[in-house]
Amino acid sequence: DTEVTQTPKHLVMGMTNKKSLKCEQHMGHRAMYWYKQKAKKPPELMFVYSYEKLSINESVPSRFSPECPNSSLLNLHLHALQPEDSALYLCASSRGGLILSGNTIYFGEGSWLTVV
Amino acid sequence: DAKTTQPNSMESNEEEPVHLPCNHSTISGTDYIHWYRQLPSQGPEYVIHGLTSNVNNRMASLAIAEDRKSSTLILHRATLRDAAVYYCINPPSGTYKYIFGTGTRLKVLA
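Protein chains in written order, with this note's numbering: chain A, 1 to 116; chain B, 1 to 110.
Computed footprint of chain A on chain B; a stretch qualifies when at least three of its residues, placed anywhere within it, have a C-beta under 8 Å from a C-beta of chain A:
| # | region |
| --- | --- |
| 1 | 45-51 |
| 2 | 84-97 |
| 3 | 101-109 |
Keep in mind the hints are simulated off the structure, nothing from the lab.
Using N, Cα and C, we set each Cβ at its ideal position, and we do this for glycine too.
Turn these sequences into a full structure, and let the hints guide you.
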């Protein structure tokens, strides 16, 4: 089972709302990623968790707050977002541990976020 | 971060081979070359990766230049389902930094 599940698939939120995106995998992976993708652009790395600890934060604004409550779950908490934050948010996972060849990353289908 | 350069778009006829190039002139000696593709309305999916030798799998082949400054993803017989954006990535060895470049949008003509 090579599946990363993201919920919700679509989310519309106001600029004062607080919402969360959720991601789940049951492949035993210990690294989990958040990417943001605007239309016709490549995915942009936001955060990486490794063994439930934040490993990479690509200078993402604090209105995006990641959380990794256990090895299977990854959340992205959203608060006071701007319309320009509207995008596809992709979750991914890979085996943990940093190996020279790099780990194959498995992506979910994404959550489409619209900020109004 | 290692930078990759790919053509913005390419076209191919169905059932013909496709060669997708990637330049990665700043690649370090131990950095692997990874290829992912993103079909419409889906998340990216792994295609293939390699270090120095050419690599084959059921999806594609990867040809790596001797100086490792460029590589080519080869789809042996393109199908309509191969229409996607193809990304070449060089994550720094031993990191989780999978940074996507602009990619190549492949159009397959029936």
